[in-house]
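*Asks:* With the hints as your guide, set chains E and V onto chain A.
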Amino acid sequence: MKTNDVILRTVTKAVVFIILTFGVELFFAGHNSPGGGFIGGLVLSSALVLLFLVHDIETVQQGIPVDFKKVAAVGVIFAVGTGVGAVLFGAAFLTQTFGVFHLPVFGDTELATVVLFEVGVALTVVGTVVTIILSISEDV
Amino acid sequence: METLITILVGILVTVAVYLLLSRSLIRIIVGSAVLSHAVHLLLMVMGGLKKGSAPLLDENATSYTDPLPQALILTAIVISFAVTAFLLVLGYRTYKETGLDDSKELRGFTDE
Amino acid sequence: MNNIVVLPMVIPLLAGVILIFLRSFVKVQRVLSLLAVIATGVVSISILNAIQSEGILRLDFGGWLPPYGILFVADSFSVLLVLTTAIVSTIILLYAFSTIGATRENMYFYSFVLFLIGGVNGSFLTGDLFNLFVCFEVMLLASYVLITLGGRKVQLVESIKYVVINVLSSWFFLLGIAYLYGSVGTLNMAHLSERIAEVGQGPLLTTISLIFLIVFSLKSGLLLYFWLPGSYSAPPTAIAALFGALLTKVGIYAMFRTFTLIFYHEPSITHTLIGVMAALTMIGGSIGAIAYKDVRQIVTYNVVITIGFILVGLAVSTEVAIMGSIYYLVHDMIIKALLFLLAGTMIYLTGTSRIEEMSGLIRNYPALGWLFFLTTLSLAGIPPLSGFIGKLYVGQGAVEAGSYTLLAIAFLSSMFVLYSLLQIFMNAFWGETIISEDEETPLQNRLLLPCVVLGIGTIALGIGAESIAAYVSDAATTLMNPQIYIDAVMNGNR
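Residue numbers (our numbering), protein chains in the order written: chain A, 1 to 140; chain E, 1001 to 1112; chain V, 2001 to 2494.
For the record, the hints were derived by calculation from the structure and aren't laboratory data.
Derived Cβ-Cβ restraints for the label pairs, each shown as a range:
1) A:Arg9 with V:Thr2207: 56 to 62 angstroms
2) A:Val15 with E:Gly1048: 35 to 41 angstroms
3) V:Thr2207 with E:Thr1098: 37 to 43 angstroms
In this text, a Cβ means the ideal position worked out from N, Cα and C, and glycines have one as well.
Chain A with its partners taken away, still in its complex shape (with noise of 0.2 angstroms):
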C-alpha cells in the first residue's frame, strides 16, 4: 500500500534524533536524579522504533546492521558483568564503586560502575523491545 507520508519522513529526520538525544539525557540523569537505564533505553528504542514504522524494515537494517538480539545479551553481560567483576576485586557480588578523575576537557569528573550497570540495563532495554517490535511485524 502506498501513502502519502512526506510530512511524516520529514518529521522524523529531525524527531529522531531529539528523542535519541533526550535518551541519553534520561540516561546520565538517572545517576542522581528521576532517570537511568531503563529509562533512557525505553526513549532510545522508541526513536528506533519510529525508524522501523516510517522506513520499512529492510532500510532500517541496512543502515543499522545489527542483530538486537546480541544487543540484549551484551547489555545482560554488561549488567551481570560489573556484578561478577566485584567478585574478581575481592568485594561482595553487586559492589558497586566510584571515584573522582581528573580528565582533559571534562576536568574533575566522577566516574562510578553503576553507570556500566545501568549501560546493560539500557542495551538490555533497547535490545529486547526491538526485537519484540520486529517480531510481531515481520509477518505483516
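*Replies:* Just chains E and V, lined up with the frame of chain A:
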C-alpha cells in the same frame, strides 16, 4: 491522598478483572497490563506517600522519602513490561497460527 | 562474604547469555551448557559442605548489610535443592541433545534452559521476599519461552493459559508483598520473621499469609492445579521433564520457607488449611491419574498427587515429617524427570500417547520396560528405592502429630499412583506384541542412557539415603527452628 489512590487501585482492578473475564485475547492481555499497573500503585501507597526529599543526596533535609517502594515498583514495572510484551507476541502468533482470538473457541484445542 | 553463594545463579545466567552469541555453533552450545550445569553442581556440593562446617552462609549484595540490602542465604535445604536441580538438569540436557531437534536448538533453546535453571537456583537461594519474586519471574519468563518454542498450535494455545495464570499469580505475589511491606516495613525474610514474632501474627498478618498461600499454591499446583495438566503435556519431552522436575518444586520450596520461617505462629489456621488443600490435591490428582488413558495426562496428574503428598509434611509440621518432605522432594525431582523422559520415549517409539494403542512393548524394548517398572515401584515407595524413606518419615510425622486422616489419604494416594502407573505398564508393556521386529523404531542408546542414569539415581538415593541424612536432618532442624536462620542472617558470619 492515600485513600484516593487506594480507590483508584480498586477501580483499576475492577477494570482489569472485567477485561480478563472477557473472551477476546487482546482484552485479556490489556487486562493483565492494567492489573499490574494497579498493583504498582498499591505498592507505592503501601510504602506511604510521604513528602520528603530524595534519600542520601541531601544531607540537610528533615524528612526523607522511603526509596524501597520505588525500587520495588521499578523492578516490577520492568518485569510486567517484559511479560506483557511476551503475551502480546504470543497472542499475535496464536491468532496467526489458529485464526482464533476467542478464548472460548481456543478451549480444548488440539492439533488435529 | 561468601561470593560462592551467588555462583549457582550467575554461572547459568552468564553461560546462557554467551550461548546467544554462539547461535550457529550447536555443538559448542551443547558442550557449554552441559559444562555450566555441571559447574553449578560442583559449586553447590562445595557450598553444602561449607554449610556443614561453618553454618548458614550468606552474601550481602554490594556489601549492604541486612536488613537494608538484598542478600542470598544458603542453608542445607536450599542448597540440597540446588544440587538436585543441577543433577537432574544435566541428565535432561543429555536427553535433549538427541531429541529436541535442530529448529529449537537454533532458537536459543539452551540459553533459555540455562536462564530457567538460573532463576530456579536464585529462588532457592534468595533471602529476600522481593528477590524471590524477581527470581520467580526470571524462571517463569524462561519457561514461557520454552513452552512456546517450536510454535506448534497446541503449544501456543496452552501457553496462553499458562502465561495468564502466572501473570495473575505474580499479581497476587506483588499484592502480598505490598501489604506485608505496608504492615511490617521490611521484606528481608529473617527480619520479617523477627518483626512478626515481635508484634504477633494478628488477623491482618494471617490474611496476608493466606495471600502468599494462594500465590505459592498457584505456582506449585497445590489444589489450584487446574492449569498444570494442560501446560505440562504440551511441550516436547525434554522441556516437560524439566518443568515437571523443577518448576512446581520451586513453589513448594517457597511455601516451606514462608510457612516455617515467617508465618509459623498460627498453625491452626494456615497449616490446617495447607493440610486440607493437600488432601484435596491428592484426591483430585488420584482421580485424574486413573481417569485418563493418555500417558502424558497420567504422568502430569502424578505430579499433582506428589505435590499434595510433600505438603502433608508441611501441614503436620513436625521435624520428622519435614525431614520426610525434604527426602521426598529430592526423590521426586529425580523420579519425575525419569517418569517424563520414559513417557516421552514411549510416545516417540510408538507414535501415540494413548495406552490402548500400545501393547507388549517389553518384548521390543526390555530395558525401557523394566526401567518403567522400577520407576513405578520407586514412586509407590517400595523399599529400598528412594521413595520409601520420604514416605516413611512423612507417615511417622503424621502419626506423631495425630493427623490420621491426612495419613490415610496420603497412603491411599500412593495406591492410586501405583494403580495408574501399573495401568500404563500392563497396557503398554505387557500383553500381545503388536510391533513386529522389523517395524519397530530402534531405541537409541542416547535416549536410554539418561533414563538409566536417573534409574541408578533413584536406586542409589534409596540405598544410600544414609549419605545425605546429615544434610537432610540439618535442613529440617533449620526449618523447624527459625532462630537459627535469623541469627545467621542478622548477625552471623559474613
